[in-house]
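Novice: Those sequence lines, one after another, are chains W and H.
Residue 1 is where the first sequence starts when you use this note's numbering, and the numbers rise one by one after that.
Residue 1 is where the second sequence starts when you use this note's numbering, and the numbers rise one by one after that.
Simulated from the structure, these hints should not be mistaken for laboratory data.
Accuracy of the hints is not assured; some may be wrong.
Label-pair distances were calculated between CB atoms; the ranges are [as the list claims (entries may be wrong)]:
hint : chain 1 : residue 1 : chain 2 : residue 2 : range
1    : H       : W75       : W       : V248      : 53 to 63 Å
2    : W       : T101      : H       : F59       : 38 to 48 Å
3    : W       : P278      : H       : W93       : 40 to 50 Å
4    : W       : W358      : H       : K124      : 47 to 57 Å
5    : H       : R5        : W       : V303      : 48 to 58 Å
6    : W       : T342      : H       : Q51       : 36 to 46 Å
7    : H       : P55       : W       : E446      : 24 to 34 Å
8    : H       : Q51       : W       : I166      : 39 to 49 Å
9    : H       : W93       : W       : Y336      : 37 to 47 Å
10   : W       : G136      : H       : R5        : 55 to 65 Å
All values reported here derive from a predicted model rather than from experimental measurement.
Glycine is no exception: its CB is placed at the ideal position from the N, C-alpha and C atoms.
Spelled out, the chains give:
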Amino acid sequence: MSRTADAAPILGPRASLADVTDRVCDVVVRQPAPLWWWVAVGLSGAFVVLLVVAASELFVVGIGTWGVNIPVAWGFALANYVWWIGIASGGTIISALFYLTGSEWRRATNRIAESMTLWGAACAGLMPIFHLGRQGLFYWLFPYPNVMGIWPQFRSPLLWDFFALICYIFASILFWYLGLVPDFASMRDRAPTTPWRVFYGLLALGWRGSASQWKTYQTVYGILACLLAPMVVSVHSIVGLDFSGGLVPGWHSLQFSPYFVFGAVYSGIATVLLLMIPVRRLYRLETYITGRHLNVLAKLMLVCGLMLTYSYGLEAFMPFYSGNIFDLHMFLNRLYGHYGATYWVKIALNCVLPQLLWFPAVRRSEILLMVLALSVIVGMWIERYIIVVTSLYQDFMPSAWYVYAGTVWDWSILLGSVGLFFTGFLVVLRFVPIVSISEMRETVHEHVGDRP
Amino acid sequence: MTALRAVVAEFGTVQDLVAATRRLRELGARRIETYTPFPVEELNELLVGRQTLLPMLIFLCGAAGVVWGFVMQYWGAAVSYPINVGGRPLNSWPAFVPTLFEFGVVWAVTGGFLLFLLFNRLPKFHHPVWAVRDFERASRDAFFLWIDATDERFDRERLGDIARDCHARRLTELAA
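For reference, chain H alone in the conformation it holds in the complex:
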């Protein structure tokens, strides 16, 4: 018998998926993942928790944009190509503010998008879960639960009970 990589359960509703996930978490399972056609708040709480690092990093991207925008404008207007306009100061920072704002926003947006890719390990064009039958429906109307066989608390029989209790439509075993 080949070693088991994971068991994937398919559910018909969010409620069933959440119930199964909650029971597995209560049993101490850690290596589980869900696949849903839309974001589900309860699963965020059960599996992901709060995400505090990401907003901080995006803020830093925006701040870097503002700093770079100021350096660029200061260098251009006051150091490299100074123009005396009616005796006004060369470091005319209030006139730099609109551009600083746009730089801050666009750096934060770009950084946010790149961090989205980085945090989600995208692009990634292959994943074992795609071998599961009907997994196309994870982007349509079905809800999937991945239970990794390497989990310390992995128990194939108890998993069968939970799946039955929570009305799982199908269990798929993936070989390693």
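Isolated chain W, as found in the complex:
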């Protein structure tokens, strides 16, 4: 059974150099935006409006509009932040790490993954700013000479996180754009009207595809991939250190960095699957994004799920091994306390359900893959919610214990950020070749040859 799934070709029938170029370019430059695109933009745009309203409420009223209160000083915003940066990280792992391994399947998926990274990181970047309390002063995070004569605390994981995130977003944009330069040249050459030709011509920077240009491109692209693969691991490790650096039971754990990286890749791969399956159908890219790609990503998702399950196991083992009563209280409370149900939902969504991916038939079913991907994405949000809230709500002083719940504004920020992500991705879908054309041409050249 599994052999048939693995043997699914990496290219469908009718693949050719001309076909891959025309198919990917034409949906953007030669065809008007389809109806489903307008509907999707309308829907996700409505959620962006919700985000703007919720952010305005926050700016005017203040953090009190959220459910957070001492001791639960962190709530949705931190969970959202970790969730989004995790999704973003998974995209870079697919595009940078699997470039270094020379995986052929990556070529059809890396543009979707990188675009997802950009918008995921953008949504992540909003959350800490929202949570600042005085959002207008966010620039105080930057180390700049100022009249107050002070500097940020360079020894704090929170500041490491600020640098990690801002460097990561910047590097991801450059990596994404570098990969796009030859493809923008294709768009320029396929564009039927002068305005589009000028638009894509400017973006292509005058790319001609000469031998020396390709050589430089390959050298720089390879080095950037080498740099981004460890960077993304470092970024999510530093997010883990935000928690490890705190003294709260449930946070103060050395395993957080690898644990968070596993979870990040897990949710990132799930999101790529969730986006890729509709995109390949709606843009008729079945020839280039085949069952092979879905199969590979599904297997990767399963592997990440197992690694994460291992981390959950370690997390359960350590309180008993250490015998620390505070850790034990926190952990048992996490399982059976006020938020106990969320813990078991998390286990079901992240550990149990994905075991279905062992079956090749499940990996071939696009509907099931989308359902599983969605359940992992939701499960990963719940995981971060549990880490943030259940560690905090019963702290060292029982008189201060507090049951936290998100208000309507917490939910609005979360749903609004989802809307922002999808709006951004839809814009990418409309203006950018969603599959790396130049890399797909190499695959076509190797498997089919150059003739039409």
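Assemble chain H onto chain W, guided by the hints.
Specialist: Chain H only, in chain W's frame:
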């Protein structure tokens, strides 16, 4: 008759383009350039060779980022705004390492991108090769070979033979 700037040959496959390029190189032609829709390893070897300077420069960019990151953090934490945290040393360099890593990477990535532009002379929005008919297909499914007329070994007749032998679809002469 106007002077000839270059002759551009169009091929249908990589194999033909590589064969023609190889023959021209064997004849000692130096001023030739190829245009392909995807990178071709053989052409890298024939026309470009190894690129050792670029990785070194990118490494230097990263190293500069690390140095700058350390200077900034040392200045902020130990000189300009020293805070005594439980008697720990002000130059707490292990706590600077995560930021140093990010600085090194982001400087190398930025430097790499700028060097990519510099080495390729981009952005450049005009080039004579764009006058060649069907050159749009160089970013789709056709393979072009530019032979500069200023090359010492330039020989229009022999070039015609090579183009025919290698199944060139079309030869375009560009006036200077």
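Novice: Each hint should be assessed against the structure and marked as holding or not.
Specialist: Hints and how they fare:
{"no.": "1", "hint": "H/W75 x W/V248: 53 to 63 Å", "in the structure": "violated, 33 Å"}
{"no.": "2", "hint": "W/T101 x H/F59: 38 to 48 Å", "in the structure": "violated, 22 Å"}
{"no.": "3", "hint": "W/P278 x H/W93: 40 to 50 Å", "in the structure": "holds, 49 Å"}
{"no.": "4", "hint": "W/W358 x H/K124: 47 to 57 Å", "in the structure": "holds, 53 Å"}
{"no.": "5", "hint": "H/R5 x W/V303: 48 to 58 Å", "in the structure": "holds, 56 Å"}
{"no.": "6", "hint": "W/T342 x H/Q51: 36 to 46 Å", "in the structure": "violated, 53 Å"}
{"no.": "7", "hint": "H/P55 x W/E446: 24 to 34 Å", "in the structure": "holds, 26 Å"}
{"no.": "8", "hint": "H/Q51 x W/I166: 39 to 49 Å", "in the structure": "violated, 30 Å"}
{"no.": "9", "hint": "H/W93 x W/Y336: 37 to 47 Å", "in the structure": "holds, 44 Å"}
{"no.": "10", "hint": "W/G136 x H/R5: 55 to 65 Å", "in the structure": "holds, 59 Å"}
The structure fails hints 1, 2, 6 and 8 (numbered hints given earlier, in ascending order).
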